[in-house]
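**Q** Sequence:
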Amino acid sequence: MGTLTGKTAVIVGASGEANFGAAIARRLAEEGANVVVSARRKEPLESLAAELGGLALPCDVTDESQIESLFSNTVEKYGNVDIAIYSAGVHAADMIADLTAESIRPSLEVSFIGALLFFKHAAASMKNGGSVVTISSLTARIPGPGLSVYAGARAGIDYAMKVAAQEYGAQKVRFNSIAAGLIETDMTSMFFAMDPVIDSHIEATPVGRMGNLVDMAEAALFLADGGRSGYINGQVLDLAGGQQMGHLPRF
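Residue numbers for the sequence shown follow full-length UniProt numbering, beginning at 1 and rising by one.
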């Protein structure tokens, strides 16, 4: 019996074959959780849900009514929500001089507005307390060129997460964030084919290696499980091998 047996976890951003959401869903399922996986794309969700014996519920996080339905349908199926993981995001890499209002909005809609509304509906479904975890980025901790929109949205929700921890404390809902360094996923695999990029990151990382999906899944399990981290709240956990103490490589 796993430490999450009888618990229900909702993971948004789990439609990739090798991404944070899917890796976290698999790890929570290994610990016995009822897993509800969600994203915009239905087909990969259904494949993952079948693998894990869970439930696939598509959701576009730019539509609050779909976020609300995600949690109400989960409660209807399992009776409660105990864990909610927000791993959705939109990459943006424009220099400030090249930004337009139209290029800024997609990241804000998903990484900030969508995440904040996810907090709202996740907490409302946690009648017995619970844990909400958002996946952030090392780039929200240390700056780099071209990252004002992507990193700014992540940094904003990291701060809002701390406010949520205050507001929902009496309800015994904890809020924490994981600021991930460069880890190979479906979205970042192109960088791992570039030796100079990886070598420079390793050189800037005190532990001397790149992170991986196992690192992410274990960190998420730690924060999700009240038995492991029940006294941790309003915290940004740096998952970057110590690179957060230095700087991003410059090319």
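Errors might be hidden in some of the hints.
[Claimed, not checked] Derived EDC-like pairs (lysine to aspartate or glutamate); straight-line CA-CA distance at most 20 Å:
#	residue 1	residue 2
1	Lys77	Glu109
2	Lys42	Glu31
3	Lys127	Glu76
4	Lys42	Asp63
5	Lys120	Glu109
6	Lys42	Glu68
Calculated directly from the structure, the hints in this document are not laboratory data.
**Q** Please go over all the hints and tell whether each is borne out by the structure.
**A** Structure-based check of each hint:
no.: 1; hint: Lys77 with Glu109; result: 28 Å, violated
no.: 2; hint: Lys42 with Glu31; result: 25 Å, violated
no.: 3; hint: Lys127 with Glu76; result: 13 Å, holds
no.: 4; hint: Lys42 with Asp63; result: 16 Å, holds
no.: 5; hint: Lys120 with Glu109; result: 15 Å, holds
no.: 6; hint: Lys42 with Glu68; result: 18 Å, holds
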